[in-house]
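Visitor: Okay, here's what each chain looks like letter by letter:
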Amino acid sequence: MMQRHLAYVVFACLLIATLGFAEWRGWSFSRPTEVKNVPRSVRDNPGSYRPAYLYHGSGRYLRGK
Amino acid sequence: MVAPQVKGLNCPNCGAAIQLRSGELAQTVACSSCAAVLDAKDPNLRVLQQFQGKVRTKPLIPLGTRGKLKGEPYEVIGFQRRKIRVDDVDYFWSEYLLWNPYKGFRYLTEYDGHWNDIVVTKRVPEVKGGKQPTIVYLGETFKHFQTATAETTFVLGEFPWEVRLGDTAVTRDFVSPPHVLSEETTDHETTWSLGTYVSPQYVWEAFQLPDKPPAPRGVYANQPDPSAGSAGELGRLFLIFAALVIALLVVRQITARRDMVFRQQYVVSSRNADSTAFVTPIFTLAGRTSNVRLTIDTNLSNNWAYFNLALINEQTGTAYDFGREVSYYYGSDSDGSWTEGSTVDRSTIPSVPSGRYYLRVQPELGTDNPTPLVFGLLVQRDVPSVAFFGAVLALLAIPPILALFRHGAFEQMRWRESDYAPSSDDE
Numbered sequence: 001m002m003q004r005h006l007a008y009v010v011f012a013c014l015l016i017a018t019l020g021f022a023e024w025r026g027w028s029f030s031r032p033t034e035v036k037n038v039p040r041s042v043r044d045n046p047g048s049y050r051p052a053y054l055y056h057g058s059g060r061y062l063r064g065k
Numbered sequence: 001m002v003a004p005q006v007k008g009l010n011c012p013n014c015g016a017a018i019q020l021r022s023g024e025l026a027q028t029v030a031c032s033s034c035a036a037v038l039d040a041k042d043p044n045l046r047v048l049q050q051f052q053g054k055v056r057t058k059p060l061i062p063l064g065t066r067g068k069l070k071g072e073p074y075e076v077i078g079f080q081r082r083k084i085r086v087d088d089v090d091y092f093w094s095e096y097l098l099w100n101p102y103k104g105f106r107y108l109t110e111y112d113g114h115w116n117d118i119v120v121t122k123r124v125p126e127v128k129g130g131k132q133p134t135i136v137y138l139g140e141t142f143k144h145f146q147t148a149t150a151e152t153t154f155v156l157g158e159f160p161w162e163v164r165l166g167d168t169a170v171t172r173d174f175v176s177p178p179h180v181l182s183e184e185t186t187d188h189e190t191t192w193s194l195g196t197y198v199s200p201q202y203v204w205e206a207f208q209l210p211d212k213p214p215a216p217r218g219v220y221a222n223q224p225d226p227s228a229g230s231a232g233e234l235g236r237l238f239l240i241f242a243a244l245v246i247a248l249l250v251v252r253q254i255t256a257r258r259d260m261v262f263r264q265q266y267v268v269s270s271r272n273a274d275s276t277a278f279v280t281p282i283f284t285l286a287g288r289t290s291n292v293r294l295t296i297d298t299n300l301s302n303n304w305a306y307f308n309l310a311l312i313n314e315q316t317g318t319a320y321d322f323g324r325e326v327s328y329y330y331g332s333d334s335d336g337s338w339t340e341g342s343t344v345d346r347s348t349i350p351s352v353p354s355g356r357y358y359l360r361v362q363p364e365l366g367t368d369n370p371t372p373l374v375f376g377l378l379v380q381r382d383v384p385s386v387a388f389f390g391a392v393l394a395l396l397a398i399p400p401i402l403a404l405f406r407h408g409a410f411e412q413m414r415w416r417e418s419d420y421a422p423s424s425d426d427e
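First to last, the protein sequences are chains A and B. Under the working numbering, the first residue of the first sequence is numbered 1, with each subsequent residue one higher. Under the working numbering, the first residue of the second sequence is numbered 1, with each subsequent residue one higher.
Keep in mind that the hints were calculated from the coordinates and are not lab data. Take the hints with a grain of salt, since some may be wrong.
Said to hold, decoys possible - Pair ranges (Cβ atoms, derived):
#: 1; chain 1: A; residue 1: L14; chain 2: B; residue 2: K83; range: 38 to 46 Å
#: 2; chain 1: A; residue 1: Q3; chain 2: B; residue 2: E162; range: 52 to 60 Å
#: 3; chain 1: A; residue 1: R31; chain 2: B; residue 2: R406; range: 13 to 21 Å
#: 4; chain 1: B; residue 1: G104; chain 2: A; residue 2: L14; range: 54 to 62 Å
#: 5; chain 1: A; residue 1: Q3; chain 2: B; residue 2: G376; range: 27 to 35 Å
#: 6; chain 1: B; residue 1: F405; chain 2: A; residue 2: L14; range: 19 to 27 Å
#: 7; chain 1: A; residue 1: F11; chain 2: B; residue 2: G104; range: 50 to 58 Å
#: 8; chain 1: B; residue 1: K143; chain 2: A; residue 2: R31; range: 49 to 57 Å
#: 9; chain 1: A; residue 1: G47; chain 2: B; residue 2: R257; range: 28 to 36 Å
#: 10; chain 1: A; residue 1: V10; chain 2: B; residue 2: G104; range: 47 to 55 Å
Cβ coordinates follow ideal geometry from the N, Cα and C atoms, glycine included.
Next comes chain A alone, as it looks inside the complex:
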């Protein structure tokens, strides 16, 4: 049975190996924006920092049923 479906067996083994590695390294489907060289002054003046991700507006949630 394994011989007859070798391609599927290889596919499954690769998939499970990738899963194990992904869990080991802590991969995730979503990824935040990575910014390099953030100045140390952010700790003294947090309000001066501007997020790098594209976020505009208030983030107002459209509530209710």
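Given chain A's structure and the hints, the job is docking chain B onto it.
Guide: Coordinates of chain B only, in the frame set by chain A:
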């Protein structure tokens, strides 16, 4: 092969040479030159029927060709073309009569490139009635496929029965791939035969025929599905791998560190986002590169909040920017009470190297409720994720599901040509 005894005669209709290979067993013989049907029992080969048709069919296996089937030598001595009419459409097929002086007769049939090796059965199968009659024969269950009236339209060579153009017989086919049980009923007799689907290459090799055989078209009644069993086997393999994935999930759940590296509660009452930004104390993310789970636990009540967040490495200046929206509403209306959203939000930052980090937090508070926002931040290191395991299970399931669909499509094509085609139910 043992050389058969051949009797040489001439056609009284056209004078062409005629050979009788089955000797005394031949009842009728059709001249291969003028296609007249002659009485093989008559010393003068009395003409029984003149060929009036316009279309003469050339057999794919010429008469007199010798070959080996099932390890036994056979010679092609007869050929007939037959048809059935379904919904005013004629469907033609060819039958080749094979002869071995020691083994007797057997047949090869060909329809649209599909071949069957056929022998007459020794036992009469018993048909069980029902919406779709069945037969259990030699431990195999055959399902009724089609009933039709077959008509002989062309004959060549000799036959051990009195064949005529225009002969009709009611045929009933029962299938259990690769086998087919066929019943033929005339006014005088009923015969049963068992056919086995064989590949065109098998026939070509058996008779050492030149060129390539015509490619089969469509799916034949008793054609075995080449992928039959694949769906079941892939399904069993899927279960094995799924068990492995679940075992891996259990191991991961047990071995994940879930280190609590930071926890703090905050209160925000200002609606001015520019003045609410703050940074947390520095905390250490230790160990190998792994994920970081941030849990925001709020006191939101019919309100929303948006958190601009950045996890910043104090040593390298690398920041992971992201935003989270948290909202929780509830109430009641004519349908009863309802809730929407949650007061708790969880997010995961993937593959964060070890180091000293802090969070830069800028909450933005909704205006639907004047209550100050109280929220807790919890940072954990190396938290297992179920999502990847679910995704892997879904990907592993695709090949077995595709195999199942392929098998279903093959069977649908097979039964589309039967008396049990889906459209027949409405008629």
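Visitor: Each of the hints needs a verdict: does it hold here or not?
Guide: Cross-check of the supplied hints:
no. : hint                       : in the structure
1   : A:L14 - B:K83: 38 to 46 Å  : violated, 54 Å
2   : A:Q3 - B:E162: 52 to 60 Å  : holds, 54 Å
3   : A:R31 - B:R406: 13 to 21 Å : violated, 37 Å
4   : B:G104 - A:L14: 54 to 62 Å : holds, 57 Å
5   : A:Q3 - B:G376: 27 to 35 Å  : violated, 56 Å
6   : B:F405 - A:L14: 19 to 27 Å : holds, 23 Å
7   : A:F11 - B:G104: 50 to 58 Å : holds, 52 Å
8   : B:K143 - A:R31: 49 to 57 Å : holds, 55 Å
9   : A:G47 - B:R257: 28 to 36 Å : holds, 34 Å
10  : A:V10 - B:G104: 47 to 55 Å : holds, 51 Å
When the structure is compared with the earlier hints, violations turn up for hints 1, 3 and 5 and for no others.
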